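These protein sequences, in sequence, are chains A and B. Residue numbers for the first sequence, in our numbering: 1 to 357. Residue numbers for the second sequence, in our numbering: 1 to 289.
FYI, nobody ran anything at the bench for these hints, they're computed from the structure. Being a predicted model, the structure only gives us computed values, none of them experimental. Among the hints, erroneous ones may be present.
Counterexamples of contact, computed for chain A against chain B with all Cβ distances above 10 Å [to be verified]: (1) R5; (2) E73; (3) W87; (4) G125; (5) S147; (6) K153; (7) G184; (8) R211; (9) G219; (10) E224; (11) G235; (12) G281; (13) G325; (14) D338.
Output of the computed footprint for chain A on chain B, the stretches with three or more beta carbons under 8 Å from beta carbons of chain A [as the list claims (entries may be wrong)]: (15) 186-192; (16) 195-204.
Some chain B residues near chain A, calculated using beta-carbon distances under 8 Å [stated by the list, open to error]: (17) D27; (18) R182; (19) L183.
Note that CB positions come from ideal geometry on N, CA and C, so glycine has one too.
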Amino acid sequence: MAQVRLSGIAKTFGKVTALDAMDLVIDDGELVCLLGPSGSGKSTLLRIIGGFEMPSEGTIAIDGVDVTDLPPEQRPTAMVFQSHALWSHMTVFGNVAFGLKLRHLPKAEIRDRVERVLDLVGLSGYGARLPSQLSGGQQQRVALARSLVIEPKILLLDEPFASLDQHLRERLRDEVRDIQQRLGITAVFVTHGQDEALAISDRIVVLADGRMQQVGRPGEIYAEPKTAFVAGFIGAMNMLDGTLADGEILASGLRLPAEGSGLARLAIRPEDISLTEPEEGRTMTVRRMIDFGAHVVIDGKLADGTHLRIQTDKAIRVSQGEQIGICVESWTVFTDGDEPRRYRSDTVRSFRGARYA
Amino acid sequence: MTDLAPLSPFDASPAAVGRIVRREPVDWTGIAFLTGLAVVVLLPLIVTAVWAFAEIWRFPAIVPQRMGLGYWQDTLSRNDVWQALWLSLSLTTTVTVISAAICFPAAYAFARLDFPGRNLLFLAFLSVQAFPKFGLIVATATIFLTLHLVGTFWGVVLIQLVGTLLYMIWIPVSAFQGVDRRLEEAARDVGAGPMRVFWFITLPQALPTLFAALLITFVSTFYETDAAWLIGLPNVRTMPMVMISFINNALEVQYGAVLFVFLWVPSFVLMLAARRVMGADAFAKGLGG
Ligand SMILES: Nc1ncnc2c1ncn2[C@@H]1O[C@H](COP(=O)(O)OP(=O)(O)OP(=O)(O)O)[C@@H](O)[C@H]1O
Ligand SMILES: [Mg+2]
Chain A
1 MAQVRLSGIA
11 KTFGKVTALD
21 AMDLVIDDGE
31 LVCLLGPSGS
41 GKSTLLRIIG
51 GFEMPSEGTI
61 AIDGVDVTDL
71 PPEQRPTAMV
81 FQSHALWSHM
91 TVFGNVAFGL
101 KLRHLPKAEI
111 RDRVERVLDL
121 VGLSGYGARL
131 PSQLSGGQQQ
141 RVALARSLVI
151 EPKILLLDEP
161 FASLDQHLRE
171 RLRDEVRDIQ
181 QRLGITAVFV
191 THGQDEALAI
201 SDRIVVLADG
211 RMQQVGRPGE
221 IYAEPKTAFV
231 AGFIGAMNML
241 DGTLADGEIL
251 ASGLRLPAEG
261 SGLARLAIRP
271 EDISLTEPEE
281 GRTMTVRRMI
291 DFGAHVVIDG
301 KLADGTHLRI
311 QTDKAIRVSQ
321 GEQIGICVES
331 WTVFTDGDEP
341 RRYRSDTVRS
351 FRGARYA
Chain B
1 MTDLAPLSPF
11 DASPAAVGRI
21 VRREPVDWTG
31 IAFLTGLAVV
41 VLLPLIVTAV
51 WAFAEIWRFP
61 AIVPQRMGLG
71 YWQDTLSRND
81 VWQALWLSLS
91 LTTTVTVISA
101 AICFPAAYAF
111 ARLDFPGRNL
121 LFLAFLSVQA
131 FPKFGLIVAT
141 ATIFLTLHLV
151 GTFWGVVLIQ
161 LVGTLLYMIW
171 IPVSAFQGVD
181 RRLEEAARDV
191 GAGPMRVFWF
201 ITLPQALPTL
211 FAALLITFVS
221 TFYETDAAWL
231 IGLPNVRTMP
241 MVMISFINNA
251 LEVQYGAVLF
261 VFLWVPSFVL
271 MLAARRVMGA
281 DAFAKGLGG
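In isolation and in its complexed conformation, chain B is listed as follows (with noise of 0.2 Å):
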């Protein structure tokens, strides 16, 4: 394309115009936007994160009286808490692995296969997920008791294992069905077999997606209390227990706000690690479909 375009004046001495330089505009909505935010959800996070230094506050003031790790040492030479962290972290890493390979394959059928029956059976999955959770779990206490699973380690993996579906489907049938077939097609063309589509494209196409859900799934379940609670116990004390036990029996806020900010920071770090590998825009699109 050799179109001679007439040169203009203006184009023809940039230099003797002068450049107008526009700044970029202030965003004044996403500002006060921000700061709602901050105030809704880092103040009480702020406050309880103070208390976990706090040696004294009483009532009037502002700031505590005094300060200090008096409350760390307390709860971090526990033998309970660090058992009840170990417990709960293997407990979740099991119950995210097994739904996991449980979860994806059928999330891959649900997305990609076209086989009898399959509208209907994905309705049923969702249906009983629609159930009250607390009144599943009482019925599978009593199937439990049965089984002597109650207060086992299987137990509570199997029971908090019925919690991730909905997750661990729905999102993951989403990714793969966002992944778009001409891709794959495209692969196929260029003389990749079904296998090598799927490793090679499909996987990594849907990851970031399938990630956001094993994330949800782990901090959900690490965090998770009615089933544990039901089918674990006296045996079976998560992380979470212990932190309830502790608001329970003693009747200073510090224990708990030591747990709280003890469990905070990891599970907020795996959150920006998060963030960093997949985008923002990985979560948006496991829950938006």
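Just chain A, with the same shape it has in the complex (with noise of 0.2 Å):
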């Protein structure tokens, strides 16, 4: 229902850079994710959308209308915390009637709107109980309640289901999904899991020292990252150091056609690598199989002890201690202040010749 545009947003705290010159549009109806490690602002972000924290430098514009410096309650966004933050001392109902009553509408109304809210998160009936006799994530569902009734043009959730077991979580980030574009609300999801940003994101911004590193549709992401910090977080990587030279890199002992020169980073998926026979100059020490039941993961050591991960078909068996042949498919190698470049064995081999099969 409203589209944010950020422009040149940064925050300190003290002397800490909590956010960087951030700037990024989110489209109407959309769901943009936050994704990043610990400490990168992700938090930081979101509260300064919601209001509660004002920025040190930049604007923010919702639909065109600049609300930088409107406090929370003025501004038509809503938010569902990590720790659900119900009132103790209402019932649900009160919690969720709370924000109506504020703006005095009539009782019946209320009363017609919170039950309908209520319905929609799951929990019709609930009404009259205390949060303390809610089990975890019914408490997270009214905190969503809560937000939803006040029919916000944004919502906003900061990891609200961090805390809750994986199925309920999976199952609400999809409620939450669903009810986002059922009723078509812009939505700021943050979270620290990749696998939940990949899930139900229609954009992702990958944050990492308050500044973003990328943005992009999740599978973008996932295929092509922009730099090396985003390779290694999104999705499992096997990253090496290595030096460029003579068309080729060299890293751990694997050598891999590559253009440039100087020090490099070779990102590598686990799935992109393949068994073969052992070759000179690409084998694997095996030192231990996972069976996943659907693949199997094979943790290996490379010729100077770099680990190395495999995923491969779940008919693969090996054991500790073999000597493997690996085959790489496709990697992409960062170098310092360069857009990254992506390789595949296939397109190589027409102009390299087998030689890197």
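Each of the two chains sits in its own frame; use the hints to bring them together as a complex.
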């Protein structure tokens, strides 16, 4: 229902720079995930959008209206807190109805809307209970209902389900996605679970050290990470330090074609490595094999002791200490200050010959 | 989630298995503790209470030789007792109300606002409370003498007010600090301004503990003697002072015992009511922070 435009947002706490030079436009009806390690500034950014923190620099506009100086109660945003922050002295009904009572709506309408939203989050009939009489998942749903009932244009969620077990978390996040799409609300979802981000977002914003690393659709971020940080952070990834020379990168005894010169980082997804016959320069010692049922992960050591993970077919069986040959099907090379370069063994082969199979 | 869990043979026929109902284990430690506590706390109370109804009770007897309401009649027909009671009640109420009016906002400021010198001020306040009370009272008495406040109602109010500051700031500070800021933020978020947040969220959340502070202040002010004695006499005679003079003048235990029961019943009822209103943990929260 609304577009959020952040221009040049920065936030410092004393000497700590929590956010730096953020420019971001969140479109109407979009669900954007803020993803990043602990302390990367996700909560700070969310709280700035909600009006709980004043940015040190920059402006926020919602639907083209500058709201930078508005307090939270005057912004069309609603926040779901990680700790649910329910008011323990009010019933579930009281919690949800509070925002409507402040708006002096008629009693019948309040009752109606509260019942409808409790129904929406699957809690109809729980109105008379106190928050302490609910389970963790139910409490989070009440918090969600409390935010939804005031019909916000923008829903802000700060790791709302982090304290719940995985099953419940998955179910609730799917419900949130469902509700968000049905109501057409713009949503910003903070998480540090990459699965969560990949599963529900329209776009992902990857943050590190208060800076935006990359913004993009989930598949895009996974397949085409722009920086070594994003590559290592989203999904499982083998990151190796290496040197570029003579059209090759040499990293931990592994030799792969790549242009450029100097120091570089080599990134390879576990599923982009397959097993072949052992061959000079492309072998690995198996440390252990983890059988996930649907696939198998092999954790191994390269010549210089560097770890390498391989994800492969569930039919494959190897034993500890065994020497296996590896074949890298696609890889990315990151060099400082340069665009990453991506390679695939099938295209490389066409001009380099079968040497790098 | 429609996972089909395989039915174990036990689940299939719960009736056939026969249910083992376990009883709650008896908490012997708790019982022992309670008994010990009862002996230490309740025994003196019971003895005193029995004294209030004893007309003759000489040494070897375990129960009084003669029981009756004679001493009750004697005590309660005295004018000075009723006057002192009335005075004590109005004095205590005045002190508590004024103290709350001063201390609660101050406590909120200490707990929530970030003004320069905040920690220093709080420390200064606490260190004042660390002085020996009696010295402070004597010093104040000298000053009050020149101000003609000695022997007046307001003189006693002022000095007793000082005595309440510790509990009335310390406990409420922890009460306000104990209110999760996110609760307040959540209220801002759905549209409440700062005043309404305070009124509908912060205050109700802190209320049980604030009530505990009020209660402690009320009861301790009611029984306060040092300041009331030094500043109040001879004109302002509070209830505890009447009790003291009873014990000093007539060497009969019964007068004191009667007053003891007479005053204990209402404050006990008050405590019970308070526990009902705010739940047992409010006291602990207020004192423990
Ligand atoms: N009120 C504050 N005062 C001082 N520093 C703060 C404050 N809030 C956040 N910071 C700092 O700002 C940085 C970003 O914090 P933020 O809470 O936004 O991280 P986050 O990405 O949400 O992390 P997490 O995943 O652990 O919640 C951190 O270095 C943090 O220490
Ligand atoms: Mg956070």
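Checklist entry - Non-interface claim for S147/A: all C-beta distances to chain B beyond 10 Å? => result The claim breaks: S147/A does not keep its Cβ more than 10 Å from every Cβ of chain B (closest is about 7 Å).
Item to check | Distance rule for G235/A, whose beta carbon must clear each one in chain B by more than 10 Å | outcome: holds, 26 Å
Checklist entry - Against chain A, is R182/B within 8 Å by beta-carbon distance? => result holds, 4 Å
Checklist entry - Regarding the hint that D27/B lies at the interface with chain A, is the smallest CB-CB distance below 8 Å? => result violated, 25 Å
Item to check | E73/A remote from chain B - nearest C-beta pair above 10 Å | outcome: violated, 5 Å
Checklist entry - Does G184/A really sit off the interface, with its C-beta more than 10 Å from all C-beta atoms of chain B? => result holds, 20 Å
Next on the checklist: Confirm or reject: E224/A is not an interface residue toward chain B, with every Cβ-Cβ distance exceeding 10 Å.
Outcome noted: About 35 Å separates E224/A from the closest Cβ of chain B, which puts it past 10 Å; holds.
Checklist entry - Given as covered by chain A, does the segment 186-192 of chain B meet the bar of three residues or more with CB within less than 8 Å? => result holds (count 7)
Item to check | Assertion that D338/A lies farther than 10 Å from chain B (Cβ) | outcome: holds, 43 Å
Item to check | Assertion that W87/A lies outside the chain B interface [Cβ separation over 10 Å] | outcome: Incorrect as stated: the minimum Cβ-Cβ distance to chain B is 6 Å, not above 10 Å.
Checklist entry - Would you say G219/A is clear of chain B, with no C-beta pair closer than or equal to 10 Å? => result Check passes; 27 Å lies beyond 10 Å.
Item to check | Consistency of the no-contact label for K153/A, given chain B and a CB cut of 10 Å | outcome: holds, 13 Å
Violated hints, listed in ascending order, are 2, 3, 5 and 17; each of the other numbered hints is respected by the structure.
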